[in-house]
Every structure is written in structure tokens, then in C-alpha cells.
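6 protein chains.
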Amino acid sequence: MSASSLKYDFFNVSIPVEYVAVVEVDRVKKLNAFTQQMFTDLGAIFRRLSVDPDVRVIILTGAGEKAFTAGLDITAASQGALTGGGMPGAEKDTARKAWDLRRHIKEIQEPVSDVEKCEKPVISVMHGISYGAAIDISTCCDIRICSKDTIFSVREVAIGLAADVGTLTRLPHTQVPMSWIKDICLTARDFGAQEALTMGFVSGVYDSKQAALDRAMVLAKDIAAASPIAVQSTKAVINYSRDHSVADGLDYVAVWNAAMLQTQDVKDALFSKKEKRTPKFAKL
Amino acid sequence: MSASSLKYDFFNVSIPVEYVAVVEVDRVKKLNAFTQQMFTDLGAIFRRLSVDPDVRVIILTGAGEKAFTAGLDITAASQGALTGGGMPGAEKDTARKAWDLRRHIKEIQEPVSDVEKCEKPVISVMHGISYGAAIDISTCCDIRICSKDTIFSVREVAIGLAADVGTLTRLPHTQVPMSWIKDICLTARDFGAQEALTMGFVSGVYDSKQAALDRAMVLAKDIAAASPIAVQSTKAVINYSRDHSVADGLDYVAVWNAAMLQTQDVKDALFSKKEKRTPKFAKL
Amino acid sequence: MSASSLKYDFFNVSIPVEYVAVVEVDRVKKLNAFTQQMFTDLGAIFRRLSVDPDVRVIILTGAGEKAFTAGLDITAASQGALTGGGMPGAEKDTARKAWDLRRHIKEIQEPVSDVEKCEKPVISVMHGISYGAAIDISTCCDIRICSKDTIFSVREVAIGLAADVGTLTRLPHTQVPMSWIKDICLTARDFGAQEALTMGFVSGVYDSKQAALDRAMVLAKDIAAASPIAVQSTKAVINYSRDHSVADGLDYVAVWNAAMLQTQDVKDALFSKKEKRTPKFAKL
Amino acid sequence: MSASSLKYDFFNVSIPVEYVAVVEVDRVKKLNAFTQQMFTDLGAIFRRLSVDPDVRVIILTGAGEKAFTAGLDITAASQGALTGGGMPGAEKDTARKAWDLRRHIKEIQEPVSDVEKCEKPVISVMHGISYGAAIDISTCCDIRICSKDTIFSVREVAIGLAADVGTLTRLPHTQVPMSWIKDICLTARDFGAQEALTMGFVSGVYDSKQAALDRAMVLAKDIAAASPIAVQSTKAVINYSRDHSVADGLDYVAVWNAAMLQTQDVKDALFSKKEKRTPKFAKL
Amino acid sequence: MSASSLKYDFFNVSIPVEYVAVVEVDRVKKLNAFTQQMFTDLGAIFRRLSVDPDVRVIILTGAGEKAFTAGLDITAASQGALTGGGMPGAEKDTARKAWDLRRHIKEIQEPVSDVEKCEKPVISVMHGISYGAAIDISTCCDIRICSKDTIFSVREVAIGLAADVGTLTRLPHTQVPMSWIKDICLTARDFGAQEALTMGFVSGVYDSKQAALDRAMVLAKDIAAASPIAVQSTKAVINYSRDHSVADGLDYVAVWNAAMLQTQDVKDALFSKKEKRTPKFAKL
Amino acid sequence: MSASSLKYDFFNVSIPVEYVAVVEVDRVKKLNAFTQQMFTDLGAIFRRLSVDPDVRVIILTGAGEKAFTAGLDITAASQGALTGGGMPGAEKDTARKAWDLRRHIKEIQEPVSDVEKCEKPVISVMHGISYGAAIDISTCCDIRICSKDTIFSVREVAIGLAADVGTLTRLPHTQVPMSWIKDICLTARDFGAQEALTMGFVSGVYDSKQAALDRAMVLAKDIAAASPIAVQSTKAVINYSRDHSVADGLDYVAVWNAAMLQTQDVKDALFSKKEKRTPKFAKL
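Protein chains in written order, with this note's numbering: chain A, 1255 to 1538; chain B, 1255 to 1538; chain C, 1255 to 1538; chain D, 1255 to 1538; chain E, 1255 to 1538; chain F, 1255 to 1538.
Next comes chain A alone, as it looks inside the complex (with noise of 0.2 Å):
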């Protein structure tokens, strides 16, 4: 089944061009705010883009022009487990509700690590409210862009602590100055499009949702014409550099590329390139 065909109750997964596909969180009326459901659902669709032969990459939007998200619903966050309010068996002593609670936060963590896992490069399109589970979830993609209209936040301070499903992790391994870092964490006040790209949590912004979205779509396509081994083992040797000594990242590259070298592709872009034509390279 292709990746086109996904049907989920908030999020719109299409490929509107060869080899991109698109996974549009939907539920506007609550500013596509994310339930432990919808947690689950964007695990799900990105392990299915992460194999599927038709897809090179990704772009992930929010549906309407209020905002990516809000961040964790509202709902869940006062009866709910994230908080750690509403769990099943409050009669239970402090170290097993404290080991439900770790399990819990666990399995929430799992579905937003999908979206790092995901072997195709992810962009992530940012716009108007941002906050929490966006800071959450594009942490996860590899490249962030956003209008300038966006207003982010870290929500952890601002709510009295949540679980932590990856910003307080991944902030620090997005490079971006820690003196920063602390600054918006601590305060949990909001922060605006200009200021995450001179910090570099964004590498665009652009003037409107769809301008971002274009310019989402322009990267896409060239990652998506380029050699599919060429562009993911890209993204794996960085990720695995990113988290490991200069001389383990030499290493591993030199096992990588032992077997990626072999490929059709590098003979192919270069002769097309010769002879001025676009490469065709085979699925992966």
C-alpha cells in the first residue's frame, strides 16, 4: 500500500510530487493540538514514509493559518498521564506510579522518535503558533524552516513540568547556543521567527506559511532528483557523527561508504552531468 493512501483522523499524507511526500497535521479547530492518539498516528505514518520506495522525503506542515500546533491538548494535560494526573492505579504506592509514569513517558517518546528514525530527510514547515510538541517534533526533522509570523515556546516550565518527549534532549544536539538554550527552556516565553534564525533553530523564514511551504517544496524536489543513497547515507553519517567522537565518525563513514560506493548512482550523476541531462536513479 503506498504512503498516499494512509488515512489517519488528523493528519493528510500525500505526495503531490515524485518522491515528496507530505504529512499535514489536521485539526485545526484545536490548532491542531496533539492527543496521545495523534502521538501514536505520526509514529506510525513516519515509519511507513521511511520505507516506502516512493517517497525521498518529507515535508510536515500544520493544517490552517493559526498555528503548526499548540502543542499537547489541553485535555489530556489536566486529566492526562503526560501530566501525571489521571493514570490508572493512583492507588498505588510512589515507585510504581512512578514506574508507570516512566513506561508512559516512554511510549510517548517512542512514536516522536519515529520521526528521527525516519531514514528520508524530514523539513519541518513552521508557522503561527508553535509551541511545545513543535518544539517536540521538529527537533526530530532534520531541516526547520518558518514564516515569519511564527511565535514558538518550550511549554515544560509554563505548565509546572511535563514529560519530556524530546525537547529538553534535542535542543542542545540541534547546535544552537546554550546561553539561548536556557534563556527560552527556564522562561518558557515566546520566541519569534527572526530570533530562531539568528540562533540558528531555523536555517529559513519566509514571509507566509505558503512561502515557506514553497521554499519546502524547491529543497524537497532537489533532494528528491538527487541518489537516494546519496541523500540518506547523508543524513546517517551526519547523525551519527553528531553523537560521536571526530575519529568514530571517520571510521564509520569508511564502513558506510564500503558498501554505498558500490552503487550505479555515482556513475550515473556523473556522466548525466557530462552529457547535461537529469539523472535517473533507481528506487530505494
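Hint data in this document are derived by calculation from the structure and do not stem from the laboratory.
Watch out, some of these pointers could steer you wrong.
[What the hints assert, rightly or not] Not everything, but these chain D residues come out facing chain F in the computed CB check (under 10 Å):
1. V1419
2. L1425
3. P1426
4. P1431
5. D1437
6. N1493
[Stated by the list, open to error] Rough simulated footprint, nothing fancy, chain D against chain A, three-plus residues with beta-carbon under 8 Å:
7. 1352 to 1366
8. 1508 to 1516
All values reported here derive from a predicted model rather than from experimental measurement.
Just so it is clear, CB atoms sit at the ideal spot from N, CA and C, and this is done for glycine as well.
Once you've looked at the hints, dock chains B, C, D, E and F against the given chain A.
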């Protein structure tokens, strides 16, 4: 004994606003230069504030208009152990001198590290001359801001090496570009507030020392008003994540939050938001 | 034999100013494109300079006005081992080919790593076309600056993958934002000097190649005039710290300085400052 | 649905004693050799048992007298993907085949890792032929014991390489001497129960399969009678500590126990000891 | 003040032979069980001995014939903070209690870690009952030997969890087989001297406490007679290497020895060997 | 040029059996003691054998009956750089001497590490006096066996420290008990073959040097007869896994095998087993 009653020769410690401590280096005649005793006192102050339930956030500043600190006291530097001279036992063989030096460097490193280990967020507000120890200490702080007249310099190269008590180690972990770190460290050149902001070493520049302090107080009050569980958990998790892989970070935050999500503060924060009142969080 | 007498086909090595070596890639007709032999020579040059007591800092530049380097030589790329083609033993099974490729990639990685392992600071001055190998090599340098006409590009994705000899591994360790790293690597797009500066990949942009070289010479002279013990210790400690935790870094610098603080240079630096004369530091 | 009601083609899962689950590999005709489906089922079983409150400890054994398991099923081995043959898409280029293989290896690794990730202690009881997958799986278990007739062998070298699903990775982490690990892995030779005991691979050898199972049951009952909070915390902390530095381990256990020490079980354990009665711990 | 003049309620510290200190736990009536104060004192003793130039090696033993130590004092265990009970602030919410517990565990961990951080080699001589804290502390020692009547037990599981102050963290780093570690930790069973020797937890078993002490004294005198630079460097480098990769270890020892090889002791050792006399090494 | 034609002053290199190289240290008059040149030659030999397609496994032994090697040559030790004496530039300041020493230690470490980096398995066969360098070098080998008359000793402490070229770093990575490692290293005492076996440092003890060599030849022939892809992959993956977490190891082996499973050797091994003939694997 509360933090506000601490007395030190060259530090003023006060709690001008509920939960906000201010630590002021006060040795104005010497441009707030640090003696070895001052490092020791600095550590003692932060160990105290770290566990003082009346303190939720700390502002670190320097007295006078000219300098946050000119760094290591020049007399100490030319006679003292920090530069390898004047150590007791100059008659010892090279290896034994080295052994003494290593112990001594670790002794000085420890109080500086106490600033980093402080459980509460620390905001460093720099101005004027901010040399050497200014970098050692402020890289231990969570948020760094400064006035526009600030002049920074890393001093090792300028004085023919010094017992590094943190600058060279911690600068790479502030996550600012390596090319710039090498530039300022290998030349020991002065750099200004604007350059520090552009490169991400500080996350805010203000017109005057007072303006920077005012901004720090705004940040501090925001932090002090939030759940101390949320604030201090956020600091702890970000620090862990910076030094570990994403997988390790996600596991750590799940373990951490298994306990911390069982706080009243989440409910207090959510209900007070609904009821449009300011929550009062219990001391920590 | 001193560094200035080294002869290579496509490199000029000189010491125009006391203690400052200049390494110039000189294959102008081919836009300074790298053959495999040139990588080997590059490593040999930096291994020599690393231990030459007459050298304290190195400037790396490219001859001609058009290019720092266009990257891997195109003929090599289409025939040679770097792209998996043309390896001896094409009749071997896939695993044996992979084994040869892995060995071969490591062989090419080694001389590039010699630039990084050089004990002396290396300043990379880029201009014009700075593709592929330009990034591989300059990420091994300590300080990167460029002229405003510089055009950079990471080439793996453009040529269907290449034996990465450092770019994908070292870019994350330059500590520039990950979103931008992924953007330029996954698209293989050109990017200019200003973008490189904003993102922190270079720490200075100058009006022309000559202006950039002039700036490099100012930096180099400053470094050459300082204590070589201080300068080279600073480089070594920062490099260690980048790849280790803060605790490890503090321990390492204490061990390192146990020996290095026993230098005469500290006294020389301090006394000459008092006496307002320029210190002369012994060779290292 | 309780664990005891799980049905699988080649596994028997039972709870013969309160809180003690027994998982028996049962494909006696084929010496309990593993097909790919059996790996998948194994993972599913352990994911279920990991969160089943009626299970506190698991014994893993093989049906019949001849073999714990002969390892990978020979038919699968000669046709299937685990050895690189028979994969769909044999017409793909080498890099694409490599990509498929990597995905496939990870798919098989996952259910094996589920044994290791199981929150409850797992005791592996081996006997007879214990080849290949026997090592892969038992290195995921916490305690390894065997009967004196057990014959072990690591098979990679014997069959010209196989998709390692854990043996080569986990053997060094069993903390037995490296010289012996290399000896058995590089020669693929058989080794017996006594050698496995002397080298520490197993921690007990018994006269027969039944005697080994009896011993496992004694251990399992002891574990099942203890506080599940204490038991599972112990497992979690030891596993973390094995892969991290002492400093990291101490920090982790402090965070972990901050929640877990708030259990009723400590009081129950201490009081029941004073009162010489057997404590009853709540389910986890 | 020399080490021999230190006075503690439940520890005897003496220097019976030049450079050999003996620390004896002496609370015989309570089987040398540890109160919290005793942990604190233990840390203070080892911090002192670590820098005492009259001490080159330390023997740790327990007074009386019955026990090295029975572990945590039972009264402390049932009332005190180590088991989560009796902490001030029982009215606090769960998260705040967890915060206090974490701080408290770290406070107890610190003096135990002081044994590990001691610059001089520490030989733990165990006999009789050696429970709980006996393992916590002896895993911080360099060499562990015991009498044949020793009975060991890891207690976490037996008492429903305890604030681990090192056992679970450090046991894997003693490099004994993981299967055995899990066996003794998950069952909390007793194990004897011979088993401890076979598995490598101790490196010598002797007929009686006195015989074990005699052996320790032989080892200690040998160590005390050697160059303290050589001995303490050896300890430091092995400890570093255990927690780091081989590449990191080789680099560290090169940096370390750059200073330490400049000792007189090498010449003294070599000449005195030629001249068949005993070298006298300067204090460290 | 084939390995068998290599000529060195104090090493004999031969290929007595197809694919099995024997490297014999031959300086019998000096008990095979190592000069600096011999370390250099050792490295050169192993770099050559590592890539020689006619070699699949290497046996390392010492000529004569008395010693595998007595370690560092005594003359070198008392005059030379390895002990900090006799370095050129004795008039240099302490820091510059330290710098030279560090460089020098790294120079000696490198050829020793070449033994470890050798792609083919190396079996160290020790006998008689096996001091100092015997440990440095054999810890780089994959399998260590010895004759029952072998006397081992780690020498650092005996000679007042020496430039560690691997023993202290690599012993912990042989995964033998830490208590025993500290015992032998801190006392520099002799220990015999049986103790080495019990503790796991060697994995076999034989009645005579010849018996040990015979056993090594049996192991070597087995290894030489197997698929070189399987053998060398096994070595590479185990070495990586030893220094990394389980998660990292599993990922690495998946990447590694993505290429290596595409070997003919798997089919050859399986078919020849069915057909009961000996497979012939292509050279690597």
C-alpha cells in the same frame, strides 16, 4: 541561616526580590580581580544557594562601572601557584612539582564548578572588562547577557598559559562555532558585546550595565514565579543531554520525570491558568 | 631540513614571516582540484610542519583568483577509487570490493586528518570556488575565514555519493546549527560567504582574497608572537574538550598543565608585560 | 490477557509458579532451530512478559533433551536474507542490496534486543547443542546457567559470516576475558559447559538439564519473592552502569532511587524481617 | 597533622609501618555496621590520607573476628533517609521528597567515592560478615582480598531497595562476569570467599583474617618501597583507561607521563638495581 | 613483495603454512629485549601483514628457550628517552621537555598499536621471561596463550615508571578482574602461567614452548581455513563492540554486514558443508 546573611570579603549576597538572589563580586579597586580565596568563597556561596529553599534563581554581577572582573589578580598571577611559580616545594623534582600543580589546579577548578553544579539557574550579567576568570565563571552559568560596553578576552595565550579552570573546557560546550572559539582563544584578542552576541556566547546585549541587570531581573522574576520543580528539572535535564547521546537523554528524562511529574505543581499551574490567578508553588 | 625547503608538485610551502608558514595549493589550471597524490602530499606537509620548531602557525590558501579548490579532480572522480570505480580487482566479490574500498577510504582520510592533528594552529583562507575537498580540509583547520566572493558546496549528494574524507563527520563538530548543516549537505546547494559567516562556519569575511590573507597574517603574527607552549596547549585542550564531557575536560587540562605550567614562558610573558617589552619565547 | 494464555507455534509460555514465567523453545524435530518468524515471536513474548504484572522473573529453556537450540535454521541460512542470499530484489545494485540487508539485520536484531530490554530478570537455562542463536539470545539474558552436557559454538566464522544479531556485540559486554572471546569467535570451535563456567560465560553448571532447570527455579522463586521494585531497579541500574562511567552510574542511580525509594516495599521488607514473616509485595 | 593522629568514633587510623596506613572500622558490638556519620568520617579519612606525604598505601580492615561490616546500620535503615523513610519534610509532595532523596543519596555517595578518588592504592581486607556497605566500599578499593570465612551479600533486593551508594554501579566496573553479578545482585544471596575468588571479585583468599592482613601488609610494603610517582601514576592511568577507549587511554598516558617521566625516581630505581641497594624515593 | 621476504635485524617473518605467518622476535643473547628500533620494526611488520593477501592469521613468538622478551632493553632504559633521560635538548625548560616526551611516547605507542590495528587475528605465544613489553605487545594481540614456565611482570612500578606504551591502558580492556590488574601492576610482582590462566589474561597454558606453538598452529590453521571475510569481520566487530555501548555495536554490525554478507563465502561455506568438502575462499 539564610543566604542573605552570608558575609564575604569581596562578595555581596542579597535577596532583593523573593526567591531571587544576587551575587555581586565587589573588589572595585582591583577591577574585581580574583584571588585564590575569592574562588574558594565563590564556590562556598553557590553551594549554599544551591540548597537554599528561599532561592530559586541567581544573578551574578560585578560591582562598579569598569569591570565585571579583570580576571586573575595580577600579583597572584606573577607569584602564585596558578602560573606554576611560588609553589611550596620548589626544590622538588619535576614530577613532584607536576603532582602538586595538578592537585592545585583541581582545587581551584572545584569552586568554579560549584557554580555550574548549582541546582538553580544562574544568570551572568557582564559589563566593562570581562577577562579570564570572567569567561571561566560565566561559562558555568546558564544564561549570559551583557552591556554593550563589555570587553571580553580569554587570557591563557596572553600570559603564557595559566591553570585553566574551565574556559578552554567549557567554551566548546557553550555550543558556539569552533572557528570563533579558536580565533579568540589562540589570539587572546579582545572582543566586544556585539561579536559575543552574534556568535551566541551571550544571548542578550543591553545599553548599560543597569539595563542588563534590569533585563536579568525580569528573567529572574519569571523563573522565580514558575514551579521550582519544573525549572530545576529543566536545567538538570538540559545539562545531562548536552553531554550524552539523544538515546541516553531520552532515557534519563523518563527516569527523572517518573518522580518529578508526581508534583502538585502541574495541577497548580494548569488550574491557576484556567482561573487566571498566579499559582504559588511550594518551596524546594 | 626546514619547512621552507619542501618541494611538492602542487603545493608551495614558505615561511614568509618568522614562525608563520604558508601552504598554498597551486594547481591553478585545474582550479586547484585535488588528485589522490595531492591528498598524500598535503598530509606529508602538515606532519612536517607539526614538528618543525621554526613554525608556530600555518596559513592554508589556494593559488589563483578563481578557486580555493574545486574539490576532487573530476577525472579521478569518474575513474578512480574514491567513487568506487576503477579499483583494481573489479572481478572480486562485493564483500572483497567493500574491503578494498574501506581500506582505501581510510588511506585518503589519513592525510586529511594530519591537518587536524597538526600541533600548530592552522588558518584556512578560502576564496572563489570552495567545493568538496575545500570543506573536508578546512573543517580540519582551527580558524576558517574567507573572501566575500567565496562559493561553498558540499558535494556528496551532487555526485551520487563520494568517499567522505571528513566533511560529514567534521561539520557537526564545527558546532554550527544542525538544521543548516542538513540543508547544505542534503541539497548540495551553493552557499556564499555571508551565509557561512552568519551560521558560524567561517569566523570572518573580507573584501577580497588579499584582504582575507592580510587578516590571516595579522592573526598568524599575533599567534606566532605568543608563547608556543600556551598556543599549542590551548589548541590541544580545546580539541580534547570538544569531544569529551566537561568533567573529562577539566581532568585533562589539570594533567596537561601539571607539566606545561612549569614553563619559563609564564614568567617571561608577565615580566615583559610589566617592562613593556616584547617577550622572546624559546622554540618548541 | 495473561501471559500464560499466549500461543505460539514454537514456544510454550507458562507460569508454573506464582510470578515465575517459563518460556520454552519447542521445535524439537529441528533441534529448536530458529526461523525468522521465531525471532519475531520471541520478541513479542518478551515485550508482553516485560509489562505483565503477574510475572516477576522469566526462565528461558529449550524443549527436548538434545538441544537448547541448534541456531539459525539451516534452510533459512542457505536461502534466506540472513546470509545475504534470497533477498527480494537480487537485481538491485550493490548499494541498494546493502540497504535492504541493513534494514533486514536491524529487523532481526530488534526482537532479540527485546529479550535484553525486558524489565524482568531473565534466566537462560541451556543444555545440549547451544549454537549460534543460543549465544545471541542468552547474552541478552541476565543469568546464564547450563547442564554439563552443553556444547556451545559461535557460528559466524563456521558459515562464512552471518547477520550478527548480537553475539559479537554482546559477548564483550558479558565481561568475560577478551582472549577467550576471540578464541571461540575466530575459530567457531565447540566449547563445553566447564569451559564456559571457568571463563564466566555461565555462572553455574548442573548435572542435567533438569538439575539446571531446578536450580533456575530456585533462583526464580527467590527473585519472585522479593520486592519487584528492588529487583527490577537492580537490573535497570546494573545495565546502565555497565555501559557508562562510574560518575554517570552514580548520578543515574541517585535519580532512579529518588522515586523508587519512596516505595512501601522497604518498610515491608524490614518489618517482615523483624517479625520473621514473609512480606507480600504489591504487583508492579 | 599526620594521619596517625586522626581520631574518629568508629575508625582507628594508624601508620604501623613507614608509609603504610591502616584504617580499621571499629564498631564491633554492631558488627561494624555503618551509620551515616561513619560514611562521612570514612570520606574525611581518605581525603586526608590521599594527600598525606607520609602515606603511600592504605589497608582497610574491620575490627573483631565476626565481621568486616554488616552493612548499613539496621536502625538507620528502618528509620532513616537511606531507605526513604524518616526524611524531614514527610509532608512534602512526591517530587519534593524525591528531590530531597536525590540530594541525600548524593551526599552519601560522596564520602564513599572519596575512597575511590584516594590517590594512593587502597587494599581492602575482608573477613566474616561482609554485607551491603562492604561491597559498596570495597569496590572503591584497588585490591580486594579476604579470609576464607568471609560471607558476602549485596543487600538491595533483600531489604526492598536501598539508596545505592555504589555497589550496583561499581560491580560491573570490577570486570567480573555479568552473569554472576546479576545472580548475586538479583537474589541478594550469600556467597563465600572461594566463589568470590573464582569469579575475580577478590584476588586472594587466606586462611584467616590475620593471614589476609599479613598478605595485605606484604603487598603494602612492596608498594610503599616503590617510587610513589610510579605507583600513583599507575593507579591513575588504569582508572582512566577502564572508563575510556584504548585511543583515549593511550593519549592520556602520554600526556600524564610527559610530566611524570621527568622524575628522579627512574634513575634512582635503575641505579640502585645495578648497585643492588634499596632506593629511597622522595615523598610525594 | 611477499611477507616471507621481509628482513629485519631482530625479527624472523615466515609463512610456514599457507596463510599462516609467524613473527619471531630473535635477539636471544639479550633475552629478546626491545630497543626502540625493534618497536619501529614490529609496527612495520604488522602494517605489512595486515594487508598481505597471502596472510590470514599471525603467530607472534620469541626465539630461544629463556624468554618471550625481557622487555625494554636495559641500556635503552637507563639512557634513553623512554625513561625521560638522554633526550636531546636537556637544556630545555620543563614544559618543552614534556612536549618532547609526549611526542616521543606517542611515537613508540604507534608501532605497538599497529599490532592491534592489524586486520588479521594475531595469536601471541609466550614462554619464559615475559616482562614489560611482553605485556604491552600481547595485550594488542587477539589470543594469548603461553607455556607453563612463563613468568610475567608489569614493570612500570619496578623501574620507577616508564613510558607506558599500552599495558596500563589495554589491561583493563582485556576484561580480566580489576582487583587482580591492580595487584600485579601496583606491585610489579612476578606471576606465573597458571595465575594468568585463572584470571583470564591467557586462554591456554601448555607444557612447553613447543606445545604452545603447536596449539597456536592448530588454531591458526583453523582460522586460515575459514572465510577471511568472516574471520576479519568478526575481529573488527568485536573490537568495536568492546569500546562502545550495545546499541552502538548492533548498529555498527548492521552497517558492516550490509556489505560483507554479500560475499560468496557464505554460499561456499554452506554448500561445501552439505557436500562434505573443504571450501576454498578467495584471497582478501
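Okay, the hints, checked on the actual structure:
no.: 1; hint: V1419; verdict: holds (8 Å)
no.: 2; hint: L1425; verdict: holds (7 Å)
no.: 3; hint: P1426; verdict: holds (4 Å)
no.: 4; hint: P1431; verdict: holds (3 Å)
no.: 5; hint: D1437; verdict: holds (5 Å)
no.: 6; hint: N1493; verdict: holds (9 Å)
no.: 7; hint: 1352 to 1366; verdict: holds (count 3)
no.: 8; hint: 1508 to 1516; verdict: holds (count 4)
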